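Both chains come to you apart, so use the hints to assemble them.
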Amino acid sequence: MTTPLVQMKNISIAFGGVHAVDDVSLDLYPGEVVGLLGHNGAGKSTLIKILSGAYRMDSGEIWINGAKVDIHSPRDARNNSIETIYQTLALADNLDAASNLFLGRELTTRLGFVDDSRQEAETRRIMARLNPNFKKLKEPVSALSGGQRQSVAIARAVYFKARILIMDEPTAALGVHETKMVADLITELKKQGLGIFLISHDTREMMALCDRVSVMKNGQVVGTERVEDVTEDDILSMIILGKNPKAAA
Amino acid sequence: MSDKTESPSHLAPRRSLIRQLELDTRLLGMIGAFVVVCLVFNFWTDGRFLTPRNIFNLTIQTVSVAIMATGMVFVIVTRHIDLSVGALLATCTAVMGMLQTRWLPGHLGLEIGSPLIPWITIGLGLLVGALIGGMQGWLVGYRAIPAFIVTLGGLLIWRNVGWYLTSGQTIGPLDETYILFGGITGTLGWFWSWVVGIVAALAAAVGLWAARRNKISHEFPVKPVWAEIAVIAITVGAILGFVAILNAYELPDRVVARDFAAYGCAQAEGCTVAYGIPFSVLLLIFVAVVMTVIATRTRLGRYIFATGGNPDAASLSGINTRLLTVKIFAIVGVLSALGGVVASARLGYHTNDIGTLDELRVIAAAVIGGTALSGGIGTIYGAVFGALIMQSLQSGMAMVGVDAPYQNIVVGAVLVFAVWVDIEYRKRTGAR
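Chains as they are written, first to last, in numbering that gives the first Met the number 0: chain A, 0 to 248; chain B, 0 to 431.
Chain B on its own, in the form it takes in the complex (with noise of 0.2 angstroms):
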């Protein structure tokens, strides 16, 4: 009882501390959720949880997913919906798979291992993604017909026309180079990680002091210069923790000690090689932070976020949002062809029930991430943060040994849960 009559005084200084931070208090929920997720697992599982081992595995097992839940959010913002993304992959790898296994080799000069091959592939895999995108956007946009039927359709279309393309086959093995893409086969390395981890943190410390600039320079007001460094530091820290924890995952000793002349050592003993940041998380934050720019930054963004918060305000204003639609739905479209090169490269055989049910962890993981239903509202981070907090979940259940069932039925809680506290954030906040 005690505490609580104590509590208002504690909170209120801690409260002002965040906010002469300007920190975004959605952000700190989020990871306050992911950090309280990851502790109890981690307690559950006598420490399993939080080993480099697995926080590595965590971090390969989002990224397909996460990657495609940048592209949901505009979706969602826009007050669409898309049901076809997991089929739309399996169709793109379906198409990937075999044009570098069956229908490229053989044409055009080209072998199988040729260095080409697994760049027309992507490319192409791509292409198809931006068209039935973009073809699934147009019924929307200029035929009216509701995004849900479209992609409704879509899900049966897609996943059944990936299966007429391989007969139902799984392809593979896949393109070496291709299959750099899918996690542990592609890895930077201890000292490549660490360059890109110290580049990046000199650049995110560069652009927020840049912004602070910028903001005086308008003669905005702006936070203490304690609390821009608190932030910077607390940015930068994260970035080099990160790297840290990747590159303290090492590749077991017998395998080094099979052919350490190639991992440049001189004798097996004492010969240690670090994984560092794998490829395809290298992707996952290039995707966010060019759907990030997006939002934010271009006018893109602001469209799609005006069309979401008022369709009629927005075609009132001269934006043009049946082009809009279209665009929306062949950005998703790329990103599940990309979702897709991750997903198979990391199985490295495109599989005929790949992606399956991945709209649903896509959709979940956008709305978990605070996308709202109803539009306008929704970030890139929190989408990713979505993906891997569901993520975390789904595997801490699987090393604890929760039976399958127990596993889906807290998954589909915890998203229902997510969606009520962000609700009642929002009334307390005031909207946004």
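Just chain A, same shape as in the assembly (with noise of 0.2 angstroms):
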């Protein structure tokens, strides 16, 4: 058996005496993509934000590789090769799409200053993989539209080689064509052997997509299933009743 990619053990979060997150373990195996579903408030988006080093636990431990580390902050996350791309996209729109790519981790010329050049090249580069039709390099992203944003946001993940992919709604602002983008680049990035934890509310996509369901109720998770074993009623039902049928029966 492999080593998982990430175990969370036993995570609790509390705000102001609200459990958001209680006492909650998951795993993710190279090559997987375990969705968490649930309602608005379930705890999906903070479990996520712990693990993104936006939160700090209370209490649990993380585990990558097969060993314990801390992440305390955004750029522990990053250090453990773990990107994340948000609902609200993170992108600093008064900047072009290099400067968003490299934020917080600028390549510099031999003086210590910024070098644009070769930022705007790799982003070049990388924009020619990912999404052929993205031209717009020296506006900034405030002029792009919302599949060209989500690529500027992917980008960032796959050119810092992330190992662990965290997908906060990745398609919720996205029209058809775009979304189809992402869900192919998902699977390109599964087999490279990347471990994704997919968040999305549309659950006919999260069985397409996923190989396990997490479901979230109230800070708890409900069950998780691998898709093949469970039809999509059975998944609605764990997130509106908080129930598991299949634990049940």
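Source of the hints: derived by calculation from the structure; they are not laboratory data.
Derived pair list, reagent style SDA-like, types lysine to any residue, alpha-carbon separation capped at 25 angstroms:
1) B/Lys214 - A/Leu129
2) A/Lys134 - B/Arg212
3) A/Lys135 - B/Pro223
4) B/Lys214 - A/Leu106
5) B/Lys426 - A/Leu136
6) A/Lys160 - A/Thr178
7) A/Lys137 - B/Leu22
8) A/Lys137 - B/Trp225
9) A/Lys135 - B/Asp23
10) B/Lys214 - A/Ser116
11) A/Lys137 - B/Arg427
12) A/Lys137 - B/Ala203
13) A/Lys137 - B/Ala371
14) B/Lys426 - A/Ser141
15) B/Lys222 - A/Leu136
16) A/Lys137 - B/Pro310
The structure presented is a predicted model; accordingly, all values stated were derived computationally and were not measured.
Here is the structure:
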């Protein structure tokens, strides 16, 4: 049995008495897509923000590749090859694609200045692979379409060779064609052996893309199942009722 | 009417010309506004506005506010504000005034007139500015108190700390080396002004050409060679023209005649001495260049603009936005102290009301120069131009003899109008 890429063990976090995430354990294997489902406020995003370093958990452990790690900041997460694509995209609208792609990890010249030319050249190269239609390299990203912005966010994860990718509603703001593009990319990255946590409201999309799904309600995991073992209705009832029909059966 | 119908065909080639030269249209707009202001006042004053003498005065009057405005750009870009720069300037000049006239002489073996005094004074003054600014930044960044409140408190505190330190007295006369930073008392003279001008022109030309080579090496599109050469020619022309104007302003004949030997003349007759570039203007150019490099070429600058554009994105990218806030306010503190050196050196004294209302001039300069209060947008050269435009308006109206209340009414109206034009411009061109 291979070592899990990520093991989150007994994670808890509370905000002012509300247990946003309550004793949750999850794991993720290389080349696997694990979907997180649940109502708004079920704790999915909070759990994922702990892994990406945006929040600090109150208790619990995170293991990466069989070794326990401390993740206190987004920088720690990046150092563990964890990249996150946020629902809100987390791009600085006033900067161009290259500046966003390298934000916090700028390429510098020997004198320590930001090497814009090299950054732009690298951005050109990666964009040619991910989204060949991407031409607006000089424009601030506010001038880009939803799909183009999404490809900047994804390029960031791909360029820095993430091994663990967190995607929080990656297709929420996208059109049909762009959603297809993201789906293709997930399949492609999966083949390369990345582990992906995917958050979405779209149950059908999740059934198509994920290997396993975990359903959360009120900060707890209702159940984790392989997609081939459950129907869409099973998942819906887990989301709504907070009970795992398979466990009951 | 016929003009209007023809205008599109006239405009089209001109627009593409600007595009081919890859000139910054905002910069052009600001230069245009400045030129209009100058021409109007020149006409109104029967040609007295655009004389070497007035241009010289205009530049040295602009320096103090312009230096601080370059720092204000960073503050406003990160969605903060600093209302305390004028008061901070006063505290710093009070400290520097007391240091050089009271505290340092008689200690450490230093006497009045010692060559070390001005430099120790300036060093400590900048340090005080950095510490006060950094402390305000800490309150904003780490304690999450709105910058408006912290610096509003600062405005009251530092204005009166300055008062307390000097017991409200005018401190001076200041050190002779120190006052060289004031403007008319410290200039490069004819020869060195040309040396500096020619070196700067060469550096600009080489720099622009090197940037082109760098683009080619990465296979980026570059503008045609003729356009590149045109831009270089305009830049070099502007630098040398500026030096020529400052060198055309000469010391009054009577002053030279009194001591012609000291100016290297064999006889009083025909002996002319040019002022040349003031040290304070060199200081401003140096500050503007360094701040521009920080803004566009360093990680610090990239993080400042990223934080201004989307604070959440910046912190999720691993940027320490709290420490960044401390750094930004410390930079403004240092620049306020530096503005204080120039302002007090120009007067020759520290006065109790030095820098009063400077915070508003500095903010206005940054905003007229295109810095958006919503964050993420602003340029250093814009702020310097903003300061220059404001000073031109104020000096021009004073020369024309506009009544004092009207002067401020006009400046206030221009501030609001300039921001409105900028907002409309952004809407038309689509962001940026």
